[in-house]
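Novice: Listed below, chain by chain, are the residues.
There are 2 protein chains.
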Amino acid sequence: MENKKTRGSLIIVTGPSGAGKGTVLGKVLSELDNVYYSISATTRQPRPGETDGVNYFFLTRERFEQMVERDEFLEHAEYVGNCYGTPEKPVNDMLEKGFDVILEIEVQGALMVKAKRPDALLVFITPPSFGILEERLRGRGTEADDVVARRMSKARNECAHVDDYDYIVINDALEDAVRDLEAIIRAQRCRRGKKTVIFD
Amino acid sequence: MENKKTRGSLIIVTGPSGAGKGTVLGKVLSELDNVYYSISATTRQPRPGETDGVNYFFLTRERFEQMVERDEFLEHAEYVGNCYGTPEKPVNDMLEKGFDVILEIEVQGALMVKAKRPDALLVFITPPSFGILEERLRGRGTEADDVVARRMSKARNECAHVDDYDYIVINDALEDAVRDLEAIIRAQRCRRGKKTVIFD
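If you're matching them up, the sequences are chains Y and H in order.
482 is the number of the first residue of the first sequence in the working numbering; add one for each residue after it.
482 is the number of the first residue of the second sequence in the working numbering; add one for each residue after it.
Hints were generated in silico from the structure; no laboratory data involved.
Here a beta-carbon is modelled for each residue, glycine too, at the ideal position from N, C-alpha and C.
The reader is advised that the hints may include incorrect statements.
Pair ranges (Cβ atoms, derived) [to be verified]:
| hint | chain 1 | residue 1 | chain 2 | residue 2 | range |
| --- | --- | --- | --- | --- | --- |
| 1 | H | His642 | Y | Ala630 | 37 to 45 angstroms |
| 2 | H | His642 | Y | Pro599 | 22 to 30 angstroms |
| 3 | H | Pro529 | Y | Gly503 | 15 to 23 angstroms |
| 4 | H | Arg542 | Y | Glu512 | 49 to 57 angstroms |
| 5 | H | Val535 | Y | Gly503 | 26 to 34 angstroms |
| 6 | H | Leu655 | Y | Glu546 | 51 to 59 angstroms |
For the chain H half of the interface with chain Y, some residues (derived, Cβ under 8 angstroms), not all of them [to be verified]:
| hint | residue |
| --- | --- |
| 7 | Asp552 |
| 8 | Ala668 |
| 9 | Arg672 |
According to the in silico footprint, chain Y covers these stretches of chain H (three or more CB under 8 angstroms from chain Y) [to be verified]:
| hint | segment |
| --- | --- |
| 10 | 641-650 |
| 11 | 657-663 |
Please work from the sequences and hints to get the whole structure.
Specialist: Right under this line is the structure:
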């Protein structure tokens, strides 16, 4: 019954803007071993302090389009004139090494990855209500009314895909949401474990 | 997106004798809310200190057989002349109230319940190796060699059903096994959560 190292799990974390994905994930990543946070590729310019291969893989548009043609992205999209995508190779390499790989991506991309990789776990992080989401978006104080309205409408669409998600984490109290996401990753290791139990 | 109270999950915890099911469960039950530990029924006599409705439901054989005829057990078996069974009604009542219900039962019964209730989670708690299992069984110091041999042979059969289990918890370090089982229950609440999210 020795436990052999096997492939990790692909875990997609998504949810509406303002749900607190980044905060929840930051805490989970600092507390769990053997988890790799996937780095996206983008054609946008690095901002001051951003490092290639740490914050993003910064690519020319030519290189990005080449990768699209070669089907080297798990998902990709264009957003206000810049391209963003999840390169598939580093994800597969880390899974192969036994790491659980986390993709923190937009709902649209998340659904694309899940369709392509049905074995992936799709986790949706949501605020406890649309009212609270709106408060949080306004609370940032940086968003104009029309931006908030657009984000709210987008959030309603994203929540409509609830049946496609494997797990829902309600981010009401941050500490609970962190423990929920940790539990999902830990439980998945026990599920996968059944393939790694070897009877001596 | 309000979280409404819904039906709990049925969680079957099984594994070979000597795997440490009871110890792991004791810790998990003391740390988690909204969990109900199912009480078995038996025709055997109460031992000193045992209370009806706490340790077991103590039944006459006549009453037990009546319940068998009425199909009122999730599973039942005879063991050295006494009958043991899991009454279905209290399980369903507690699930209905939103509790997660834990059945700690033998592998044979666990497989019967899983066949009857495919929505149940079947968790197998196992020692890290057969060698360690044998040490643990001998370590009790109370078992004759032939009893240990019989238990080891039974354990090997039980481990052969590995594909039927939803989750495997390897009880090597107790604290890790406790956290694994807690994670499985907690993650299941997020899975179920998707049916309880109501969009306002």
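Novice: Confirm or reject each hint.
Specialist: Evaluated hints:
At roughly 55 angstroms, the beta-carbon separation of His642/H and Ala630/Y lies outside the given 37 to 45 angstroms, and the hint is violated. Take His642/H and Pro599/Y: their Cβ atoms lie about 26 angstroms apart, and the range 22 to 30 angstroms holds. Distance hint for Pro529/H and Gly503/Y: a CB-CB separation of about 58 angstroms, inconsistent with the stated range 15 to 23 angstroms. A C-beta distance of roughly 53 angstroms is found between Arg542/H and Glu512/Y, which places it inside the suggested range of 49 to 57 angstroms.
Checked against the given bound of 26 to 34 angstroms, the beta carbons of Val535/H and Gly503/Y, roughly 48 angstroms apart, lie outside it. Taking the beta carbon of each, Leu655/H and Glu546/Y are about 54 angstroms apart, inside 51 to 59 angstroms as hinted. Among the interface hints, the one on Asp552/H is violated; its C-beta lies about 31 angstroms from the nearest C-beta in chain Y, farther than the 8 angstroms criterion. The interface hint given for Ala668/H holds, since its Cβ lies 4 angstroms from the closest Cβ of chain Y, which is under the 8 angstroms cut-off.
The interface hint given for Arg672/H holds, since its Cβ lies 5 angstroms from the closest Cβ of chain Y, which is under the 8 angstroms cut-off. With 8 residues having a Cβ less than 8 angstroms from any Cβ of chain Y, the segment 641-650 of chain H passes the three-residue criterion, so the hint holds. With a cut-off of 8 angstroms between beta carbons, the segment 657-663 of chain H has 3 residues touching chain Y; three or more are needed, and the interface restraint holds.
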